[in-house]
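Trainee: For reference, the chains in residue letters:
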Amino acid sequence: MQVTLKILRYNPEKDAQPHYERYTLDAEPTDRILDVLEKIKAYEDGTLTFRRSCAHGVCGSCAMRINGRNRLACKTLLQTLDTSKEITVEPILGLPRVKDLIVDMTTFFDNYKKVMPYFINDEPLPEDGRERLQSPEERERFDDTTKCILCGACTTACPTFWADNSYVGPSAIVNAHRFIFDSRDRAAAERLKILAGESGVFRCRTAFNCTEACPREIQITKAIAEVKRAIITGRLD
Amino acid sequence: MTTKRVEVPQGWEAFAWKWMRYSGVLIFILAWIHVLIQDILVGVYQIDTSYVATRWSGGFWRVYDFLLLFFAFSHGMNGVRQVLADYIHSAGGRRALNWILLILWAIVVVVGTIAIFAFTPPAG
Numbered sequence: 001m002q003v004t005l006k007i008l009r010y011n012p013e014k015d016a017q018p019h020y021e022r023y024t025l026d027a028e029p030t031d032r033i034l035d036v037l038e039k040i041k042a043y044e045d046g047t048l049t050f051r052r053s054c055a056h057g058v059c060g061s062c063a064m065r066i067n068g069r070n071r072l073a074c075k076t077l078l079q080t081l082d083t084s085k086e087i088t089v090e091p092i093l094g095l096p097r098v099k100d101l102i103v104d105m106t107t108f109f110d111n112y113k114k115v116m117p118y119f120i121n122d123e124p125l126p127e128d129g130r131e132r133l134q135s136p137e138e139r140e141r142f143d144d145t146t147k148c149i150l151c152g153a154c155t156t157a158c159p160t161f162w163a164d165n166s167y168v169g170p171s172a173i174v175n176a177h178r179f180i181f182d183s184r185d186r187a188a189a190e191r192l193k194i195l196a197g198e199s200g201v202f203r204c205r206t207a208f209n210c211t212e213a214c215p216r217e218i219q220i221t222k223a224i225a226e227v228k229r230a231i232i233t234g235r236l237d
Numbered sequence: 238m239t240t241k242r243v244e245v246p247q248g249w250e251a252f253a254w255k256w257m258r259y260s261g262v263l264i265f266i267l268a269w270i271h272v273l274i275q276d277i278l279v280g281v282y283q284i285d286t287s288y289v290a291t292r293w294s295g296g297f298w299r300v301y302d303f304l305l306l307f308f309a310f311s312h313g314m315n316g317v318r319q320v321l322a323d324y325i326h327s328a329g330g331r332r333a334l335n336w337i338l339l340i341l342w343a344i345v346v347v348v349g350t351i352a353i354f355a356f357t358p359p360a361g
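Protein chains in written order, with this note's numbering: chain A, 1 to 237; chain B, 238 to 361.
The shape of chain A in the complex, shown without the other chains (with noise of 0.2 angstroms):
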C-alpha cells in the first residue's frame, strides 16, 4: 500500500520558521512510523532528523506528535491509523526545536532531576549486609510507576507544562511517585515538600492528557493524585 506523511520539517540553519513536507512510499500494513521514518531518510531525504535508538519501546527516544497525538513511533503500526489520509507527523510541544523531529530535553530533565528521582536511604545495610527486602505488596504500591521511560509524552502533552515549562510535570511526579511509595526509601518527605512547592503538584488541572499520552499505559493522573494526597495527609499508604 501507499502511505503519505506529512512531516514538520526545520533546519535552523536554513529555516525561519518550520514548514511541512510531504512523502508518499510504499509501505505494509505491519510498518511502524519508525519503519517508515528509516525508508524516507535512506531513501528520499538523508537530511530527515530524528531521534532513534531501541525500536522496541523501551529507550523512549522516538516519542513524536502522530496524528496530533504524542505517541512512540517505533511503537505506532500504519494499520492502527488512517492510511487514507495523510498522517501527521510532529515534534513532541512545549520544548524548543532542534532540528526536524527533535527537541532539547533539556528542561524536561532539569524538572526531572529536582524530584530526587533516586534511591535514598543512609540507614545500616540488613544484618547479612544484602538486600533491604519487601513484601510483594509493598513492592505493588508503586509498581505503576516503575514502568517510566522518561519519553517525555506526557510531559509535553501537558496544557500547564505548554504554558509554563517551570512546572515539574507528570513524568517528573510519576519518578517521584516511584520512589515516595517505596518502603526502603527514606526521603518521602523531601520529595513531598519540592512538589508542594510552587511548580509542583498542585499546577496540575487533572486534564487527563498525560495518562492518554503515556506509551506505557502508566495511570498518571492516578499517580499525581495519590501524590497531592499524600502531601495534605502525610499518609504513604
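Please note: incorrect hints may appear among the correct ones.
As the list claims (entries may be wrong) - Here are the simulated distance ranges between beta carbons:
#, chain 1, residue 1, chain 2, residue 2, range
1, B, Ile274, A, Arg229, 34 to 42 angstroms
2, B, Arg242, A, Asn11, 48 to 56 angstroms
3, B, Phe252, A, Met1, 26 to 34 angstroms
4, A, His19, B, Gly316, 50 to 58 angstroms
Source of the hints: derived by calculation from the structure; they are not laboratory data. Beta carbons are placed, not taken as given, at the ideal position from N, Cα and C, and that holds for glycine.
Using the hints, position chain B against chain A.
Mentor: Okay, now just chain B, sitting in the frame of chain A:
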C-alpha cells in the same frame, strides 16, 4: 503493610488546593439551592425590591447570600490566579498578580457584604 507517615510542611499551594475543594463542595450546595429558589420556584421576573426586602427581612438569607458571595468569589478568583500564573513566569509578576486579585476580591466582598447587611427595605 504498615502505614508510613511523614510530616510535610503545608505551603500556600496546598492550602489553595484544599480551599478550592472545600469551597467547591459548599458552592455546589449553596448555588444549587439558590438557583432552585430564585430561578425555578420564584422565577427571575418576580424578583424586585419588595421580594428582596421580604427575603432579607430575617438574618438567615442574608448570611446565606454572604456565604455564597464569599466562597464563590474566592473560588473563582483562585481559579483566575492559577490560570494567569501559567502565563506569568517571574516571581515578582506572580506576587503582583496575587496582590491585585486579593485586593479586587476584598473590594467586591466588602461592597457585597455592606449591600447585604446594610440593606433596609424602602419605606412604604
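Trainee: Now tell me if each hint is right for this structure.
Mentor: Now the hints, each set against the structure:
no., hint, in the structure
1, B:Ile274 with A:Arg229: 34 to 42 angstroms, "holds (36 angstroms)"
2, B:Arg242 with A:Asn11: 48 to 56 angstroms, "holds (54 angstroms)"
3, B:Phe252 with A:Met1: 26 to 34 angstroms, "violated (57 angstroms)"
4, A:His19 with B:Gly316: 50 to 58 angstroms, "violated (38 angstroms)"
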